[in-house]
Structure formats: C-alpha cells, structure tokens
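Participant: Chain by chain, the residues:
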Amino acid sequence: MDLLFSLALQILYGIANLALISLGLAIVFGMMRVINLAHGEFLMLGGYTVVVATNNGVNLWFAMLILAPLVVGLIGLIVERCLIQWLYGRMIDTLLATWGLSLLFIGIITSIFGASTSTVISPPLGTVTIGEYTSSGYELFLIFVVIVLLALVYLTLKFTSLGLVARATMQNSDMSACLGISTSKIYMVTFSLGAAVSGLAGGLLVPITGVLPNIGVIYIAKAFITVISGGSAILAGTTSASVLLGGVNGIMSYITGPTFGEVALLFAAIILLRLMPTGITGRFFRKSQ
Amino acid sequence: MTINRRRFLKTTAGTILAAPALMNGALASNHGPIKFVSILDQSGGLDIYGKPMVDATKMAIDEMNEAGGLLGRKIDLKVYDPQSSIQFYTQFATQATAGDRADVVHAGITSASREAIRPTFSRYNTLYFYNVLYEGGVCDINNFCTGSTPAQTVEKLVPYTMNKWGKKVYIVAADYNYGQITAQWVQKYVRDNGGDPVETEFFPLDVTNFGPTIKKIQSSGADMVMSALVGGAHISFYRQYAAAGMNKSVPVASTTFGVGNEHKLISAEEGDGMICAYSYFEEIDSPANKDFVARFKARMGADAPALNELAARSYEGAYLWAEAVKAAGTTDRMPVIEALRSGLGIDGPSGRVEIEPKTNHALQNVYLAELKDQSFNIIETYESQPPSDTLLVCDLVADPNQSVFKFENGLKAAGIDI
Chain A
342 MDLLFSLALQ
352 ILYGIANLAL
362 ISLGLAIVFG
372 MMRVINLAHG
382 EFLMLGGYTV
392 VVATNNGVNL
402 WFAMLILAPL
412 VVGLIGLIVE
422 RCLIQWLYGR
432 MIDTLLATWG
442 LSLLFIGIIT
452 SIFGASTSTV
462 ISPPLGTVTI
472 GEYTSSGYEL
482 FLIFVVIVLL
492 ALVYLTLKFT
502 SLGLVARATM
512 QNSDMSACLG
522 ISTSKIYMVT
532 FSLGAAVSGL
542 AGGLLVPITG
552 VLPNIGVIYI
562 AKAFITVISG
572 GSAILAGTTS
582 ASVLLGGVNG
592 IMSYITGPTF
602 GEVALLFAAI
612 ILLRLMPTGI
622 TGRFFRKSQ
Chain B
77 MTINRRRFLK
87 TTAGTILAAP
97 ALMNGALASN
107 HGPIKFVSIL
117 DQSGGLDIYG
127 KPMVDATKMA
137 IDEMNEAGGL
147 LGRKIDLKVY
157 DPQSSIQFYT
167 QFATQATAGD
177 RADVVHAGIT
187 SASREAIRPT
197 FSRYNTLYFY
207 NVLYEGGVCD
217 INNFCTGSTP
227 AQTVEKLVPY
237 TMNKWGKKVY
247 IVAADYNYGQ
257 ITAQWVQKYV
267 RDNGGDPVET
277 EFFPLDVTNF
287 GPTIKKIQSS
297 GADMVMSALV
307 GGAHISFYRQ
317 YAAAGMNKSV
327 PVASTTFGVG
337 NEHKLISAEE
347 GDGMICAYSY
357 FEEIDSPANK
367 DFVARFKARM
377 GADAPALNEL
387 AARSYEGAYL
397 WAEAVKAAGT
407 TDRMPVIEAL
417 RSGLGIDGPS
427 GRVEIEPKTN
437 HALQNVYLAE
447 LKDQSFNIIE
457 TYESQPPSDT
467 LLVCDLVADP
477 NQSVFKFENG
487 LKAAGIDI
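Here the protein sequences come in this chain order: A and B.
Residue numbers for the first sequence follow our numbering, beginning at 342 and rising by one.
Residue numbers for the second sequence follow our numbering, beginning at 77 and rising by one.
The following block holds chain B by itself, in its conformation from the complex:
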C-alpha cells in the first residue's frame, strides 16, 4: 500500500476525529454518573417476582442519590425488562456490558436466566449481583449471590415441618434447574431427618391443571407436601389443592411460596397453615424493617406490593455494592470485589447481611414463618446462617479464578449424597 497525500489525510483526520470518543470510552468508569444496570422480568409469567424487585432497587438508588450519590457521583439506574424470556436476557446482558459499560449489573430471577447471562459478565469483566434465593452452587469470583440457599432455608424448613406433620413427604417442583436441584436438596434433608420422600414430580412452568397430581398425593399416603413451584401459572396448584379439601389433611410447606407474593393472590382459607422459610418477611419485628416497610409504602402509595425476600434482598444487594464502592474508593471491578470479599456487611431490613469470601454468598438471618390470614407469623429466627451447601463445593479463597455452576448436573455429580 502506497501512502499518498489523500490517504494520509483521510486516516489522520479519522483518527483525530475518533480520538475523543476513544478517550471517552477509556475514562467512562471514573467520570460522570455511575452506571447501575438492572435486568429483571416485569412482564410475562415471572413478573410476580420482578416488579417488587425493581421497585425496591429503584428505592435504594433514589435514596443513595438523595444522600449525595457515591464518591461524589450520581448513580444512573437503567432497568431492562427481559419479559420472562431467556433470549432477551442474553441480549440485554450484552447491551449492559458492551453497550452501556455498566459498573455493576444486578440481574436475573430464575436460575435458568442467571446461567444464561453469568458467563457474559464474566467474559466482559462486569461485576454481577444475583439477589434471588436459589439452589446454591455458583462458584464465580465475579458473581455475588446474596439470596438464601437450601442449607440456610430448606435445612430448617424440612425438620420443622416433618416434626409437626409427619415423615412422608411428597415433593412438587418446577421443571428447570432450580426445581430439579432444590427437589434433590429436599430429598436429602428429608432422608437426613429419618423421613421418606415418597414421590417427586416436576411441572413445566405453564401447567395449570394439577388434578391428576392431587389425586396421586391423596393415594400416596403422604403426610405433607413440599412445593418448589414457580411462577404465575403454578399458583393454581394451591387453589386446586384447597378446592379438593387437601390443605386441611395434608399440609403444604414451600421453598418458593410467598416470594412472588402468592399469599396475597390466593384467599386466606386456601393459604392458611402453610409454612415457609426465607431470609426476609415483611412481618419481621425490628425497627430497621418497620422503617423500611413504611418508607416503601409511602413511596409506592396505594399500589405498594407486599415485600418479600426477593424485593428486600434487591434493596440490600444494592447497598452491599454501594458499601463496597465506598470502602474501595472506586467503582473499578477488582477493588470493589476485594472490598466485598473482605467480610463486608450491612445492616438491612432483614438484619445483618455479610459477604462470605469463600463462596461470594451471604451470611444472613433466616426466619421460619406460618401463613395466617394472608400474612406470615414468624415462628423461629436463626441468625447469621452460612451458605454451607455452596461451601461444600466452592473455595474462592484457595482458587479465585473460577466461574462455574457446581450443581449444573445435580448434587450427585457434585459429590453430595442425597
């Protein structure tokens, strides 16, 4: 290629014109507003979870901005709605990292969506928070999973309900990785406590007719049902179960009921007596929580949804990240990750939440509660519970260069007896 005058001028002019844009890109992470991206389903079958999460995230960011932002910079919140479709998740994840150059992304509701986008954030070095209760097993230096895991909740729920109701447990669960793996945890804890998991059934997310299963539960002689059903369509299980008069004779405990505010969607007679365990309930009796609930209701007005673990943890997740940014003095990814993993914690509405550095999961309080008249009465409180399920398989302190989902092929493949 010969360089003539015209070509020389063209290239030089091009470079000079493009220079500000390049510089802008390089410096984006230290000037201007901090970019906080949230990808959560606000429509489609998963909206019952996503909408309160988005409301709580917005509240957290607004509070931070009212208090002067972080490091003297405003926080710019961008919310994407993937419409309960995995395809949109991957699309928005790429947009958030490559397009928006987000400083942090809080995203994902189902475990299927988390696994679809987690590798993207890992590859593009974008800090990622997943604030949803899930089956455990993510071992990723770049990903902080702040929600509760089965060793924190199911391990308490199973012995309590078996003592109360009986040893034969019938398991119904959603048919994707969360339901499949959680069902294995339930089986394990039922056996550990000397019980018998008589049958396990999985349901695609759009099933609405549970009649044949309800008949099977009747004929199985089960003492109780453990439900890990997910999404709007599955709420009909609880209705049909009550309509067949079963909720009086074979009670239901659940690892998911209530985090989509299902207890407000079915009537008191249909729901009364159900027992659940989460790291947050709106009914927690502490000044911090009462204040949080009051602020949320004042902000949302008459349309305020009920608060649950997913919403409260989205709020706390944002604050955990903000605390780490303050500690690190920058929004750069590695210093923030190091700050988070230094045993950093906050006092949120659910109580103390601390990051556990071996797993990037959270040490958190767990509450056991019984449903009565569409609200949960807290029966037991367990403080500062470790994510001992994920601790079995993950040690990021020994080997930080990991980005895997250890329970991808079930618990047996991860070396855990069920």
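Just chain A, same shape as in the assembly:
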C-alpha cells in the first residue's frame, strides 16, 4: 500500500515534470504557432539564472520563482523584437532561425561558464516519509507548483482582458487588428510570457537535474511531443498529453526500466497521433483552452 502510494506520487511527479517543461512551448508553439527550437535553451537560461544568482548570495527561492522567469522573459522579449516578429507565418524560416538561436545560446553560455558547470544546489525541503518509503519533498513541491501554474495560465486566458485579446489575436489577427488591437504588441507580450514560463521551469529543475549548456537538447524533443500530442487547446492539451505520456513513461519505467519507459512514451505518442492527427484536443475537449 505504501509502495503503491509512493509510486503514484512518483508518477504524478513524472507527469508534472512533463507539463512543466512543455507549458512554455505550449504558449509559444501551441498558441502562437511559432516553432521555437530554442525552447530547451530558454529552460537552460532559466537554470543558469538560478545558478549565477545563488552563487552571488541570492536566496534560492527568490532566484527560482522570481528571477528566472523575469530574466528569461526579458530575453524572450528581446528575441521577439529582434527576430521572431519578422517571421510570423513563415514556419520554415522560424524553424531555422530558432535553431540558430539555440546554437547561439549554447555557444554563448559555454564560452562564459564552460561546458560543465558546478551546480552545488541540493533540492531543498528534505524528504517525506510514507511508511517505509521516502520521497523527495522538493518533488512534491514541484507538483504543487505545476498545478498553480496551470491554474494561473487558465485564469489569465479566461478572465483577464489580456487573455481575451490574446486569444482573439491568435485566432484571427487581421480581425483583431481591425478592432483596434495592436496585434504586434500582443504577440510580443505572449511570446515573452511563454519564455518566462520556460525560464521558471528551467529554474525549478536546477536542484533536481543540475544544468549544462546543452541540457536543453534533453528537454526539447519531449516538450514538442507533448505539445503536439496535446493539440491546439494549450491547457487541456498539455495537461492531458502530460498525464497520458508521463503516466505511460512512469509505469513502464517502473515495470521494465528506463529504456522501455522512453520507448513506451514515444510509442504512445505515435499511436495517439495516428488515431488523432490533430492531437487530443483536436478530438476531445474542443471548447477548452
């Protein structure tokens, strides 16, 4: 019983982890249709923000929850103004440009910090004991953060005027422009927010995985698979795809080992996209966000 409970918690964490690394991409790619191949590097930059800040004596929580999203959001803003704003609607060009951007970020960070960085940040919050099993308290905290984050994105999209205007712009930018909305500004804000969410995710993952200049490569494929499997509704899509893929991965990893866990995740995604080419929310929850 204890094992079952702590295992369930572990799988829940796997799901939260997937949702966390995908949410920023869901906003940028799922909502804005910008294929952002530098998404992994946004996560990486969030991680380095935390490392640099804590090395300079900044409180870890402040660095993870405030600084990381702020800094990466700002970088996102600069990237959008200098690069992405000229490329809306040009998928292949965006793909190439953001790929170049990702290589540039890896190169810059490698030349500043070296290819391997000492990140002596232990996961805070100690351990939680369930019967004879122990779990990391920080992992429970991450599950909580992901739930709060999803709720925040939902509330913003649904109940604020910014959310309304953003949704309108993404659905039909010409019509929105006719109604007096500055769509260029809306794109800019949305992209920055997506980057900020990625930065937050990258920062929060530092204590668990550490950070290397090319750690983004590990995240990017999973993030894209999750968002594409989720389909067009970013929240319901990312959540349902994370639950499905993270769950399959967690259960199969426990039963057979990590290699088949990864295989099972990819296999599930392939089957899913074969049956529902437009993703989960292309078929179900069509009216969701």
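Calculated directly from the structure, the hints in this document are not laboratory data.
These numbers come from a predicted model, not from an experiment.
Glycine included, each C-beta is placed from N, C-alpha and C at the ideal position.
Errors might be hidden in some of the hints.
To be verified - Just some of the chain A residues that point at chain B, by a computed CB distance under 7 Å: (1) Leu348; (2) Gln351; (3) Leu353; (4) Tyr354; (5) Thr468; (6) Tyr474; (7) Thr475; (8) Ser476; (9) Ser477; (10) Gly551; (11) Gly591; (12) Ser594; (13) Gly598.
As the list claims (entries may be wrong) - Sample of chain A residues facing chain B (criterion: CB under 7 Å; computed from the structure): (14) Pro464; (15) Thr501; (16) Ile559; (17) Ile561.
Please build the complex by placing chain B on the supplied structure of chain A, with the hints as guidance.
Facilitator: Quick look at chain B alone, frame taken from chain A:
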C-alpha cells in the same frame, strides 16, 4: 595510346612536379616535428571527461618540448574535438591517419568511440593509445589500453563494499557497451563473493528522471547500489537519490563516479560516503603526485579542474609512448610497439605503470577511496595489479596478429561465467 610529344611532356612534367610531394610524404615520419594527435570530447555530454584529459595531454607534450623534444625533434600536438558524436570520431580518426599522418594517436573516451576508431588505426598502421578505464577485452597489437579494467578495480571494490554494507547489490549502468559489460563484471564479482545482484538497470545517456528507479531500489530491499552511470545527464541520479534520502540508508559505490569530477559537481551532503576504486586519485600522498598536482594547478591557474584517473592516465600515457620512442630510437610504429611490449614502464603520478605484453594493457596501482567533503580519502592501496580480466582471453605474445574486442558480445560469449 600513342605517345606524342605533347602527352610525353605533360606526363613527365607532372611527375617531376609531384616528386617533391611524394618524397615529402615518404620521409615525413623521420624529419620535422613528431605528430601527436589527440581526439577527445571537449563539448557535449562527455566534456566532463574530455577537458581535463586534454589539459593533461597538453601539459605532458609541453613538458617534453621544454626538455628538448624527443630524439632531437619537437612534438607537434594536434587536438580534435569530436563533440561527443561517434560520427566525428570516425571522421577525425581518418583525418589523423591519412591526412595528418600521425606518429601516434591518443583518442577515445567511451568504449563506443574506441570501437568506432580502433579498426581505422589498425588498418592504416597508426599506433593507438586509449587512456581510459574501461570494461576490458581489447586484444589488439596496435592498441595500448593504459586505463584500469574491472579485474583491477571492480574486483576490489565489490568485496570491500559488500562487507561494509551488505550482500544485496542493485546495479545501475549506462546503456552502451561499457555499462552493459561492466554490469556483467559486477554481477560476477558479487556472486563470487557470495552476494546477490538483485536487479540490473540500464539508462540511455540522456535520461534525467531517475524517480521510478529510486522507488524500485527502495522496494527491492537492496543493501547497496553499484553505479556505472556515465555523462553529464546521469549526475542527476546522485542528486535525486540524495533528495529522496536514500544515500543514508542504501549507500552507493561506483565504477565511474569521480572520473568526470562528479564529486565537485554535487554537494558534500549528496556525495559523502560513496566509495570508488581507480588507479589514480588527486589525493594520493606521494611526492611525485604532489609535484604533478602542483605543476598542473600552477599551469591552469584558478580554472584548474580536479585531477582524476582519466586526466592522470592521459598524462602518463603520453609519457609511456615517449619512453618507448626513446628506447626505440625512432617513431616508426613497429619498433615503438616492440619497445612498449618489452615490459617498459614509467614512474608517474599514480606510481609505477608498466605495459603487460600479453594484452598491451597496464600493470598499475589501484586505490580504494571514500568520498568526504568533495574529496576522496584513500582507504586501501593495491600495488602493481595485472589486467587479469583481459589476460583470460588475450595473448598477444602467442599470436600478435590480433585486432579484436573480445567482450563485444558480453562475457558469456567470451567464455567467462558470470
């Protein structure tokens, strides 16, 4: 084909013009600087191993050049970075042999990369050194494997840790030939010592979430974990393991932890108590090593990485080769190979290192150490250990014309019971 005047002139002129180039190629190995090529990953996931190795190699070559070079010739070091990609390894290996006409190549970190390039050097008759600890089993007249092998390290590590922690061992390893074969060695030594290898799990090099495995370790009732995890991503295992409070109850020993300076990358609380066995630790208390460490730190300044077996052996590997060149009086491949196989040895920072002629591996000291506050405390020293794993399957004295990897299909296929 009729030979007219024009054609005759063309061919002759061509030959005369090309002659110096041809001569140059033929004589390259005896004049001008000696060509020493190093192919080691300095970027990508394996950079944690490759960068200190390159630093140590550069130091060795610079020292030799400052001392007047070898045979009165300067040594020209060329370093390639294959970026943790096997494809670049094969490309640079061909470049080193056919393009640069290297006198010796020191290359490869993972066993996968070694097996990708070893045949190239064999085919082009280019002397090849592999200075990394690995799973044993290479039987190649052209290839000198100077790193430690499981019979030297794992054989000491397993009984020591089982006596200390308990008989049920959970094995986690990287999912490629090194991890697969090393896991079999661990299983064998655990059984030989009356223990039980309860479970063995393999991880692709980019896995970062070890949660399900940590739960399995908890529910397996294992007394200890033996890790043969490799690369930057796998460091998160040790973090997550400590975060779940497991490092206090089920301790970890490792065949790889520390050679990528992982002990400097995780905190003291996360790493304390881990036990490892290698043929070199920076903390070895000998005048030769203290001098080596001091010179390395002075050279590298504030950015000096910690020294480990891979770095120290890269340095010693270069000196082993240089010693053989001096003994042979030439850089030609066969005389140097014969000199190396005549029981040649050097006294390096790790102690005495000698080439064992049946296997082209090294007789070397092995040290057992426990991690405390991000540095290793040496507990035991075993002097002049033979590569007895490879000796089981390889005898280059009886048959020198071999170039094979005996453990390619695992230990059972090589006739070793596990």
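Participant: It remains to establish, for every hint, whether it holds in the given structure.
Facilitator: Now for the hints, and whether the structure bears them out:
1. The closest approach between the C-beta of Leu348 (chain A) and any C-beta of chain B is roughly 6 Å, which is under the 7 Å cut-off, so the hint is satisfied.
2. Restraint check, Gln351 (chain A) versus chain B: the minimum CB separation of about 5 Å is within 7 Å; hint holds.
3. Hint status for Leu353 (chain A) relative to chain B: violated, with the closest Cβ pair at about 10 Å, above 7 Å.
4. Hint status for Tyr354 (chain A): holds, given a least beta-carbon distance of 6 Å to chain B, under 7 Å.
5. A cut of 7 Å between beta carbons decides the hint on Thr468 (chain A): the least distance to chain B is about 4 Å, and the hint holds.
6. Because the closest C-beta pair between Tyr474 (chain A) and chain B is about 5 Å apart, less than 7 Å, the hint holds.
7. The interface hint given for Thr475 (chain A) is met, as the beta carbon of that residue sits about 4 Å from the closest beta carbon of chain B, less than 7 Å.
8. Interface restraint check: Ser476 (chain A) against chain B, minimum CB-CB distance 6 Å, threshold 7 Å, status holds.
9. Interface restraint check for Ser477 (chain A): the shortest CB-CB distance to chain B comes to about 4 Å, inside 7 Å, so the restraint holds.
10. The interface hint given for Gly551 (chain A) holds, since its Cβ lies 6 Å from the closest Cβ of chain B, which is under the 7 Å cut-off.
11. For Gly591 (chain A), the interface hint holds, the least distance from its beta-carbon to any beta-carbon of chain B being 6 Å, beneath 7 Å.
12. Because the beta carbon of Ser594 (chain A) sits about 4 Å from the nearest beta carbon in chain B, less than 7 Å, this interface hint is met.
13. Annotation: Gly598 (chain A) was flagged as interfacial toward chain B, and the flag holds, the nearest CB pair being 5 Å apart, inside 7 Å.
14. Taking 7 Å as the C-beta contact cut-off toward chain B, the hint placing Pro464 (chain A) at the interface holds, the least distance being around 4 Å.
15. With a cut of 7 Å, the hint placing Thr501 (chain A) at the interface with chain B is violated, because the nearest CB-to-CB distance is about 34 Å.
16. Using the Cβ-Cβ criterion of 7 Å, the hint placing Ile559 (chain A) at the interface with chain B is satisfied: the shortest such distance is roughly 5 Å.
17. Contact between Ile561 (chain A) and chain B, as hinted, is not supported at the beta carbon level, the nearest pair being about 11 Å apart and thus beyond 7 Å.
This entry does not satisfy hints 3, 15, 17, going by the numbered hints stated previously.
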